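Full structure from sequences and hints, please.
The lines below spell out each chain.
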Amino acid sequence: MSELTSLTLAAARDGLRSKEFSAVELADAHLLAMEKARALNAYVLETPERALAMAKAADARIALGKAGPLEGIPLAVKDLFCTEAVRTTACSHILDNFVPTYDSTVTAQLWRDGAVLLGKTNNDEFAMGSSNETSYFGPVTSPWRRKGSNTRLTPGGSSGGSAAAVAAHLCLGATGTDTGGSIRQPAAFTGTVGIKPTYGRVSRWGIVAFASSLDQAGPFTRTVRDAAILLRSMAGPDDKDTTCADVPVPDYEAAVGRSVKGLRIGVPKEYRLEGMPAEIEKIWEQGRAWLKAAGAELVEVSLPHTKYALPAYYIVAPAEASSNLARYDGVRYGLREPGGDIREMYEKTRAAGFGAEVRRRIMIGTYVLSAGYYDAYYLRAQKVRTLIKRDFEQVFDAGVHAILTPATPSAAFGLGEKGGADPVEMYLNDIFTVTVNMAGLPGIAVPAGLDGQGLPLGLQLIGRPFDEETLFATAEVIEQAAGRFTPKPWW
Amino acid sequence: MNAKGPSDKLIRGATGDWEVVIGMEVHAQVASNAKLFSGASTAFGAAPNSHVSLVDAAMPGMLPVINEECVRQAIRTGLGLKAQINLRSVFDRKNYFYPDLPQGYQISQYKAPVVGEGEVVVDLDGGGSVTIGIERLHLEQDAGKSLHDRHPTMSYVDLNRSGVALMEIVSKPDLRSAEEAKAFITKLRSILRYLGTCDGDMEKGSLRADVNVSVRKPGDPLGTRCEIKNVNSIRFIGAAIDYEARRQIEIIEEGGVIEQETRLFDPGRGETRPMRTKEEAHDYRYFPDPDLLPLEFDQAYVDALAAHLPELPHARKARFVGGFGLSAYDAGVLVAERETADYFEAVAKGRDAKAAANWVINELFGRLNKEGKDIKASPVTAGQLGGMLDLIADGTISGKIAKDLFEILWTEGGDPRAIVSTRGMAQVTDLGAIEKLVDDIAAQNPDKVAQAKTNPKAIGWFVGQIMKSSGGKASPQAVNDILKRKLGL
Chain A
6 MSELTSLTLA
16 AARDGLRSKE
26 FSAVELADAH
36 LLAMEKARAL
46 NAYVLETPER
56 ALAMAKAADA
66 RIALGKAGPL
76 EGIPLAVKDL
86 FCTEAVRTTA
96 CSHILDNFVP
106 TYDSTVTAQL
116 WRDGAVLLGK
126 TNNDEFAMGS
136 SNETSYFGPV
146 TSPWRRKGSN
156 TRLTPGGSSG
166 GSAAAVAAHL
176 CLGATGTDTG
186 GSIRQPAAFT
196 GTVGIKPTYG
206 RVSRWGIVAF
216 ASSLDQAGPF
226 TRTVRDAAIL
236 LRSMAGPDDK
246 DTTCADVPVP
256 DYEAAVGRSV
266 KGLRIGVPKE
276 YRLEGMPAEI
286 EKIWEQGRAW
296 LKAAGAELVE
306 VSLPHTKYAL
316 PAYYIVAPAE
326 ASSNLARYDG
336 VRYGLREPGG
346 DIREMYEKTR
356 AAGFGAEVRR
366 RIMIGTYVLS
376 AGYYDAYYLR
386 AQKVRTLIKR
396 DFEQVFDAGV
406 HAILTPATPS
416 AAFGLGEKGG
426 ADPVEMYLND
436 IFTVTVNMAG
446 LPGIAVPAGL
456 DGQGLPLGLQ
466 LIGRPFDEET
476 LFATAEVIEQ
486 AAGRFTPKPW
496 W
Chain B
813 MNAKGPSDKL
823 IRGATGDWEV
833 VIGMEVHAQV
843 ASNAKLFSGA
853 STAFGAAPNS
863 HVSLVDAAMP
873 GMLPVINEEC
883 VRQAIRTGLG
893 LKAQINLRSV
903 FDRKNYFYPD
913 LPQGYQISQY
923 KAPVVGEGEV
933 VVDLDGGGSV
943 TIGIERLHLE
953 QDAGKSLHDR
963 HPTMSYVDLN
973 RSGVALMEIV
983 SKPDLRSAEE
993 AKAFITKLRS
1003 ILRYLGTCDG
1013 DMEKGSLRAD
1023 VNVSVRKPGD
1033 PLGTRCEIKN
1043 VNSIRFIGAA
1053 IDYEARRQIE
1063 IIEEGGVIEQ
1073 ETRLFDPGRG
1083 ETRPMRTKEE
1093 AHDYRYFPDP
1103 DLLPLEFDQA
1113 YVDALAAHLP
1123 ELPHARKARF
1133 VGGFGLSAYD
1143 AGVLVAERET
1153 ADYFEAVAKG
1163 RDAKAAANWV
1173 INELFGRLNK
1183 EGKDIKASPV
1193 TAGQLGGMLD
1203 LIADGTISGK
1213 IAKDLFEILW
1223 TEGGDPRAIV
1233 STRGMAQVTD
1243 LGAIEKLVDD
1253 IAAQNPDKVA
1263 QAKTNPKAIG
1273 WFVGQIMKSS
1283 GGKASPQAVN
1293 DILKRKLGL
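For the record, the sequence lines run as chains A and B. For the first sequence, the tail end lands on 496 under our numbering, and the numbers increase by one without skipping. For the second sequence, the tail end lands on 1301 under our numbering, and the numbers increase by one without skipping.
For the record, the hints were derived by calculation from the structure and aren't laboratory data. Hints should not be assumed to be uniformly reliable.
List of simulated lysine-lysine pairs, DSSO-like, C-alpha gap at most 30 Å [said to hold, decoys possible]:
{"#": "1", "chain 1": "B", "residue 1": "Lys1188", "chain 2": "B", "residue 2": "Lys999"}
{"#": "2", "chain 1": "A", "residue 1": "Lys394", "chain 2": "B", "residue 2": "Lys906"}
{"#": "3", "chain 1": "B", "residue 1": "Lys957", "chain 2": "A", "residue 2": "Lys245"}
Simulated restraints, written as ranges between beta carbons of each label pair [said to hold, decoys possible]:
{"#": "4", "chain 1": "A", "residue 1": "Arg43", "chain 2": "B", "residue 2": "His960", "range": "36 to 42 Å"}
{"#": "5", "chain 1": "B", "residue 1": "Asn845", "chain 2": "A", "residue 2": "Arg293", "range": "58 to 64 Å"}
{"#": "6", "chain 1": "B", "residue 1": "Arg1085", "chain 2": "A", "residue 2": "Ala357", "range": "33 to 39 Å"}
{"#": "7", "chain 1": "A", "residue 1": "Lys388", "chain 2": "B", "residue 2": "Ala1130", "range": "31 to 37 Å"}
As the structure is a computational prediction, the values presented were derived from the model and not from experiment. C-beta: ideal position from N, C-alpha, C; glycine also.
This is how it looks when you write it as structure tokens:
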């Protein structure tokens, strides 16, 4: 790793402004690192020519004193974000060679602010997965390894490529999407910072949809400050997304370093799971101690409907997905497998184009929306969702500013280790994160330490709607106390 | 059959009288420049796939954004139907696969439509009226168009219509005959056109109806219905109902049962037939569209729209009858189209309204119909026709000359008064001149004079002669007066 790739986003920004190095040099260093790290399979598409052209333009703007907030910052973009003239596949065979004529609102805002595109990162197909193993392009290998072991580990999912790229210093930051934990879980597995903002904080326009009422984009970075900087560029109102809130975006970076003295931090008793590894309990305890030491008040809270969140999530999300993915039919773009008639063409195309997990979720979703089952499944799941939301509202109404939980029920596991026989085993990864999507709240995962095998563990902070600032302030306290964690290059 | 009363709606079958029960689902394309959820144009007749946005083509990551104009038009239509306006409604997805449905679902309103119950008062030809209940009105997207005849093995898809806003207006099963159904759709179309919320052009598919038909013995519970899909002319609606009612009666009377099914009307054969049978019943898996927030507006918004609603056909008809003294029939004819009523009012303003109505209905409409012209394309303007009526009223021309003048206005145009003056069409009211004509004719025809003295009806011969020799310009009243005086009648 060169010095340039080890910089934080904030430090690189300052270095570019003071012309210690150029955006082209910065991009070059990252492109070189990417080339050497192909074994990780973090990127599904590298865009070196575009990166250098963008970096050159950034240097020109810096020279003119017209630098944007992210001028010259090389970033990776999850392959779920449509990027103009750059192949976008959602890591699905069905979107083979799909090249959008448009940029998602998020990426358009990144380029507006001067960022440089290094490439598109790997993810679980259509963001459906927790280990990045459902990608049509194959799994991502985590840059982390257990002490003394060569076992290939998952970086988590679905935004596994983005998490791995940030952790392995293959970019200064990356975009992700989070429907049930797809930013926070991989962040926790890779020792990076990842935030899923409040639903409606970031426009969904131009992001391949998984479950519309749950999907939310957010950044991966190596520090809390960097996440604050990146989210500010990603967020904001958008007329093209009705569900995107017309709420001004604060200067998140200003919240970093803000004192947490006097903040009430809730600790939900329902998140203490039976059979949870002691190390998870220990890191959670440690987090509480750090925040207490920083002047926060720790209170036990109750979120009684937590246990229903995961089952309800696995009804709502597949239901929406089954409908959202209906457009991939071989008629207008992407894969088409010819058939004798239209029906056969649909069946062949969708059978060949979607992987097993995506097919499973489409079938679950179709089933729960069917006449005769709708009330028993979808409607009830929506009711559960309302109750989960109310749980949080009651806690926040009682004066709690943020809630501290583990980010994941375990550290990263090995590729191929989970979900082979029973998909629910994999779904359990999301147990601490799905509630936040169901309630539409902001949640941040921040590295808190390493387990006995040397793998990162993360803590999650859940905030009030549109109060990402408190999350940044609180997460930074943990970051300061815990330190930062970088994998040793083996690739 | 009796002339009036409900019994004339019944259909005589082998086993007695049958009542036909009809409900309609009318799809009316919202008059708006842009589609329901995208900014693409709704203009008709463009090259295939030239009015298609990324949203209409359902490209990955695209999201619908409601077009407020379409909502406004739906509310205005609801107000015109005297309907409940729902301040909160929800868009749902209706899921099914078809190549001209790019999203794989149609965005519609299922459980919570923007407009609830209302009514349409329908005047019937034989006099009297029926009130037809409106169940609901909701907004939904139209699909694209599949073209199956352009290629030997493939179908083409044109997405220009994909995403165009439709109002689905659902009637209650209150209609009892083909005539009522035709009168209902005619009235509904008229209301939509008055409101400007749908152009009502059935040829272009802007207005089409699914017709639900069932039959029963009077007083029995509702029978099983069949739905005749996508009927696109008022005449066909009538023909389809008549055929379908007969078909169902025949089946039942022969001991069969009606299968609930979807049928198509074949105008060539004048019959309905089942649509291609599907392998399984459709399950549309409706659920609220998570890409869209519930549609909400306040009562003040509705009130403001209500305040600016135009006068609708029913009120206008009442005004024409009450204010202008027109017959209900004439008033009904005049208000059927907003443009016609506007034309009439422009002609009638400050003039004899009955005379205006006569001229508009008999002469103008007759001529327009004959030449297949629309009132908007009428060569004779309301101003010209009004000017002509003024010439009749002040005695400048006779009604007979007026018909010639109308012909000139139709074919050549021009100012009526100027035409009358330059072409010497004014009637001769110079009594001296008429007297001279009378004297001359009487002198030349002593036998006719003698005849007239014994039979006053023979005076008609003199009138005819005088009109002839005056080129029709002699004032008929003056001719009569003078003749009577001269002949001593």
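Hints, one by one, checked against the model:
Of the supplied pair hints, the one linking Lys1188 (chain B) and Lys999 (chain B) holds, its CA atoms being roughly 20 Å apart against a limit of 30 Å. Between Lys394 (chain A) and Lys906 (chain B) the CA atoms are separated by roughly 27 Å; this keeps the pair inside 30 Å, and the hint holds. A threshold of 30 Å between alpha carbons decides the hint, and for Lys957 (chain B) with Lys245 (chain A) the separation of about 26 Å falls inside it, so the pair holds. Range check, Arg43 (chain A) to His960 (chain B): Cβ separation about 48 Å, and the 36 to 42 Å hint is violated.
Range check, Asn845 (chain B) to Arg293 (chain A): Cβ separation about 59 Å, and the 58 to 64 Å hint holds. The supplied range of 33 to 39 Å is met by Arg1085 (chain B) and Ala357 (chain A), whose beta-carbon atoms lie about 37 Å from each other. A hinted range of 31 to 37 Å for the beta carbons of Lys388 (chain A) and Ala1130 (chain B) is inconsistent with their spacing of about 51 Å.
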